[in-house]
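**Student:** If you read the sequences in order, they're chains A and B.
Under the numbering used here, the first residue of the first sequence is numbered 1, with each subsequent residue one higher.
Under the numbering used here, the first residue of the second sequence is numbered 466, with each subsequent residue one higher.
Read the hints as simulated data drawn from the structure, not as lab findings.
Because the structure is a prediction, the values reported are computed rather than measured.
Hints are supplied without guarantee of correctness; some may be wrong.
[Claimed, not checked] Pairs of lysine-lysine, DSS-like flavour, derived with a Cα cap of 25 angstroms:
1) 790/B x 348/A
2) 348/A x 221/A
3) 813/B x 686/B
4) 241/A x 611/B
5) 241/A x 146/A
6) 790/B x 706/B
7) 790/B x 325/A
8) 221/A x 241/A
9) 706/B x 686/B
10) 813/B x 325/A
11) 241/A x 325/A
12) 611/B x 706/B
13) 790/B x 241/A
[What the hints assert, rightly or not] Just so you have them, the derived chain A footprint on chain B, three or more residues with Cβ under 8 angstroms:
14) 559 to 571
15) 684 to 690
[Unchecked claim] Derived contacts from chain B toward chain A, CB cut-off under 7 angstroms, selection only:
16) 636
17) 637
18) 757
In this text, a Cβ means the ideal position worked out from N, Cα and C, and glycines have one as well.
There are 2 protein chains.
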Amino acid sequence: MPAPHSDPAALAPVLDRIDATLPEAVDRLLDLLRIPSISTDPAFKADCARAADWLVADLQALGFEAAARPTPGHPMVVARHEGPGRHILFYGHYDVQPVDPLSLWDRDPFDPALETTPAGEVIRGRGSSDDKGQLMTFIEACRAWKAVHGSLPGNLTIFLEGEEESGSPSLVPFLRENRAELSAELALICDTGLFADHVPAIVTMLRGLAKLELTLHAANKDLHSGMFGGIALNPIRALTKILGGLHDDQGRVAVPGFYDDVAELPEAVRAQWQALAFDHAAFLGGVGLATPAGEIDRTPLEMIWSRPTAEINGIWGGYTGAGFKTVLPAEAHAKISFRLVPGQDPEKVLAGFRSWVEAQLPPDARVEWHEPNGSPAGQMSIDDPAFEAARQALTEEWGAPAAYVGCGGSIPIAGYFQTELGMDAMLIGFGKDDDQIHSPNEKYDLDSFRRGIRSWARVLDRIAG
Amino acid sequence: MPAPHSDPAALAPVLDRIDATLPEAVDRLLDLLRIPSISTDPAFKADCARAADWLVADLQALGFEAAARPTPGHPMVVARHEGPGRHILFYGHYDVQPVDPLSLWDRDPFDPALETTPAGEVIRGRGSSDDKGQLMTFIEACRAWKAVHGSLPGNLTIFLEGEEESGSPSLVPFLRENRAELSAELALICDTGLFADHVPAIVTMLRGLAKLELTLHAANKDLHSGMFGGIALNPIRALTKILGGLHDDQGRVAVPGFYDDVAELPEAVRAQWQALAFDHAAFLGGVGLATPAGEIDRTPLEMIWSRPTAEINGIWGGYTGAGFKTVLPAEAHAKISFRLVPGQDPEKVLAGFRSWVEAQLPPDARVEWHEPNGSPAGQMSIDDPAFEAARQALTEEWGAPAAYVGCGGSIPIAGYFQTELGMDAMLIGFGKDDDQIHSPNEKYDLDSFRRGIRSWARVLDRIAG
Chain A
1 MPAPHSDPAA LAPVLDRIDA TLPEAVDRLL DLLRIPSIST DPAFKADCAR
51 AADWLVADLQ ALGFEAAARP TPGHPMVVAR HEGPGRHILF YGHYDVQPVD
101 PLSLWDRDPF DPALETTPAG EVIRGRGSSD DKGQLMTFIE ACRAWKAVHG
151 SLPGNLTIFL EGEEESGSPS LVPFLRENRA ELSAELALIC DTGLFADHVP
201 AIVTMLRGLA KLELTLHAAN KDLHSGMFGG IALNPIRALT KILGGLHDDQ
251 GRVAVPGFYD DVAELPEAVR AQWQALAFDH AAFLGGVGLA TPAGEIDRTP
301 LEMIWSRPTA EINGIWGGYT GAGFKTVLPA EAHAKISFRL VPGQDPEKVL
351 AGFRSWVEAQ LPPDARVEWH EPNGSPAGQM SIDDPAFEAA RQALTEEWGA
401 PAAYVGCGGS IPIAGYFQTE LGMDAMLIGF GKDDDQIHSP NEKYDLDSFR
451 RGIRSWARVL DRIAG
Chain B
466 MPAPHSDPAA LAPVLDRIDA TLPEAVDRLL DLLRIPSIST DPAFKADCAR
516 AADWLVADLQ ALGFEAAARP TPGHPMVVAR HEGPGRHILF YGHYDVQPVD
566 PLSLWDRDPF DPALETTPAG EVIRGRGSSD DKGQLMTFIE ACRAWKAVHG
616 SLPGNLTIFL EGEEESGSPS LVPFLRENRA ELSAELALIC DTGLFADHVP
666 AIVTMLRGLA KLELTLHAAN KDLHSGMFGG IALNPIRALT KILGGLHDDQ
716 GRVAVPGFYD DVAELPEAVR AQWQALAFDH AAFLGGVGLA TPAGEIDRTP
766 LEMIWSRPTA EINGIWGGYT GAGFKTVLPA EAHAKISFRL VPGQDPEKVL
816 AGFRSWVEAQ LPPDARVEWH EPNGSPAGQM SIDDPAFEAA RQALTEEWGA
866 PAAYVGCGGS IPIAGYFQTE LGMDAMLIGF GKDDDQIHSP NEKYDLDSFR
916 RGIRSWARVL DRIAG
């Protein structure tokens with residue numbers, strides 16, 4: 001593969017065309033946003049199919065061989081253009097979140113519009129940022145390229161899912177059944193955000209997730225604390241005693257062996273992250289907090305990007321209604337999850353936690369485990385020159401150095417591309433923290449949309465064809 | 466007051482009459498049991514009034530001045546007979562628990578009957594043990610006495626409540642408004658049980674209760690653990706850490722000062738309790754447990770009768786439904802109660818707990834307290850010779866030494882008689898652990914009913930008149 005390089009003569013007219021035809025690109029996005037493709041609600045099944053068909057027609061008009069491919073759920077849109085160069089697969093999703101509570105929306109979520117706000121123009125409507133607006137940035141870049149050069153830029157597959165917001169039940173089977181067709185050399189995923197206002201980012205590190213639920217059993221029925229209080233085992237007491245020791249005084253996870261396979265962050269990455277000058281006070285202040293609550297010797301960015309965690313996501317037991325019942329319940333419950341970093345095996349982490357809990361059970365206590373499952377962390381190989389090429393392309397477009405960043409959450413598609421198709425992904429997106437995704441009044445900045453299209457044109461200029 | 470003494474010549478014919486007329490007494494109880502006086506359900510308001518009227522009519526027929534006295538809730542039955550000797554007030558309650566789940570009853574709960582079982586004859590029906598059958602033991606004893614001697618035995622007030630199973634909202638106001646009339650020299654309460662099969666008991670020590678609910682606040686909204694996990698305070702983690710330290714490794718409550726006002730059990734009482742040979746293995750085994758879970762240096766009976774406790778009666782926070790959400794919730798909750806022993810001030814115990822929690826709050830955590838309330842423990846003065854007289858009377862009837870016992874639960878009426886009316890109570894009852902009170906198929910042993918009536922005749926013979 002030749003080293004990626006930019007061809008300014010080819011790129012400049014594409015960028016010009018993107019700017020000149022932006023109103024038409026917005027109109028197309030508004031068209032797509034009008035289709036209420038809520039994947040989780042069966043009432044919108046036909047709308048999901050309609051959104052897929054809309055995209056197929058648009059991609060066909062652009063010269064892709066495109067089809068809506070049936071699944072047991074909503075269709076997958078697969079579009080192919082055989083061209084020169086590396087085979088690159090672009091992923092986005094056309095389904096959207098539900099809109100309730102509708103009363104909190106300032107406009108019909110499926111009657112989208114370009115609105116002028118004090119902070120600039122925004123495209124308002126469900127899916128504008130997550131993920132229709134983002135996936136259209138790539139398609140619009142292709143359209144401008146085709147209009148200027150007469151052909152699509154390189155060897156492309158576009159793969160658009162319709163179940164991302166409902167757990168992607170058909171995804172892995174579809175990847176397996178179509179492995180040969182979908183296995184490209186590199187994936188591009190547009191479903192993430194900027195690092196900060198006007199600071200673009202490529203996500204190269206994704207935490208994994210392991211989780212399970214436990215039930216701690218004690219007596220064979222609920223007991224009255226008047227009769228049994230003081231002599232009978234209270235499972236809530238046992239559960240809080242055990243889970244209360246999940247972290248030590250340094251904020252470290254206290255389960256033996258938990259950090260065995262956790263590597264230290266490479267110095268270069270640490271240095272780059274420090275240069276990002278992450279404003280953790282603003283990050284936490286936005287949700288009413290002030291103090292980083294993780295390991296005391298780690299920086300805030302390490303806490304959310306590169307260190308594993310243990311969290312109690314739910315706990316319940318005994319009487320939880322209005323008033324009071326002096327009950328000693330028969331059982332208590334908790335849902336526990338672990339964010340994992342590269343090197344950690346979800347099975348091993350869960351097994352270590354289970355052993356640790358079981359070793360602490362008091363007499364008469366019995367623990368039952370439910371639905372343990374997990375997915376490992378992802379780490380992209382930035383040795384692939386395409387990463388540095390994309391980073392330069394983004395830096396040029398946004399006027400600020402693009403950052404390689406971590407992502408505290410799990411983006412399962414990136415992991416599946418690695419495990420099922422053997423390809424790494426570049427996660428590049430233009431969403432902003434205030435986009436209100438999954439919430440009322442979702443928006444996408446017109447600036448994100450425009451620069452997003454231009455960003456992809458620059459990235460394709462460097463890595464495709 | 467002369468020392469209580471028995472008059473065998475007066476007593477014997479009363480006991481004979483009780484046995485001879487037992488079938489009629491059972492029929493009267495069945496009549497009362499047919500009235501569905503469920504106090505907590507407004508649909509049965511008229512039935513509660515009907516039960517009160519039934520009792521008034523019966524007591525009037527016996528020669529009491531009796532009336533159903535209105536309250537904002539269900540009526541109180543007050544019956545008075547001025548006679549010679551100490552003024553003694555008897556308390557019972559005519560209301561009953563709801564009957565659901567009805568499907569688990571083997572017969573209509575309000576179509577009671579005398580049933581023959583392998584373990585003997587039982588009176589089956591809602592309220593048979595709790596508390597209609599028990600209150601009728603006293604009335605039947607009075608009836609037999611009157612039949613034999615032509616007059617009621619002594620200076621009596623009978624006070625029957627209709628809201629005991631629904632929190633007694635009218636009780637304290639009624640006691641205050643009628644203080645002069647209801648303040649006797651000693652109360653008798655029939656709402657407890659035998660210590661063991663055929664081993665009668667007088668409860669002289671009742672644990673108190675202090676309770677509150679707390680909400681531990683962290684972020685101003687629920688957070689996603691992908692984005693915030695590792696840096697944001699998880700209130701469930703903070704709550705389990707704090708509550709997990711509520712007891713030390715010896716099973717003692719770890720709140721500073723908690724035991725400051727707790728006296729050691731007098732040696733005489735401890736010796737008597739040891740003589741009771743409490744079968745804690747059977748007690749715990751009946752609910753699927755084996756190991757006493759309280760303070761490791763205390764006997765099982767101390768744990769439930771004479772030692773204070775701290776219990777988490779409910780805990781909840783985060784996602785508790787089916788499946789999983791990797792949420793870091795904005796808040797977590799718990800309901801905590803303390804069983805108190807004589808000497809402990811509920812206000813002081815709650816204040817100590819609050820300070821202990823607040824001192825352990827991590828940065829960004831805030832605790833909110835709800836509905837703190839409490840009632841102190843009760844201890845009856847067994848120096849009153851009536852106690853020893855009653856103990857002898859019970860011992861004679863049952864053929865086994867009657868025990869002074871503690872009661873792990875709170876029986877608020879006994880406390881209110883002390884605090885509102887300034888009188889101690891003797892708590893004597895004939896219920897058994899297998900009576901299924903508050904549950905389907907409630908029953909009262911015919912033996913409990915017969916010997917209960919005879920017990921009251923013997924007690925009245927010694928302490929009344």
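**Student:** Now, for every hint given, state plainly whether the structure supports it.
**Tutor:** Each hint tested on the structure:
| no. | hint | verdict |
| --- | --- | --- |
| 1 | 790/B x 348/A | holds (22 angstroms) |
| 2 | 348/A x 221/A | violated (34 angstroms) |
| 3 | 813/B x 686/B | violated (34 angstroms) |
| 4 | 241/A x 611/B | violated (60 angstroms) |
| 5 | 241/A x 146/A | violated (64 angstroms) |
| 6 | 790/B x 706/B | holds (22 angstroms) |
| 7 | 790/B x 325/A | violated (28 angstroms) |
| 8 | 221/A x 241/A | holds (21 angstroms) |
| 9 | 706/B x 686/B | holds (21 angstroms) |
| 10 | 813/B x 325/A | holds (22 angstroms) |
| 11 | 241/A x 325/A | holds (22 angstroms) |
| 12 | 611/B x 706/B | violated (64 angstroms) |
| 13 | 790/B x 241/A | holds (23 angstroms) |
| 14 | 559 to 571 | violated (count 0) |
| 15 | 684 to 690 | holds (count 6) |
| 16 | 636 | violated (17 angstroms) |
| 17 | 637 | violated (18 angstroms) |
| 18 | 757 | holds (5 angstroms) |
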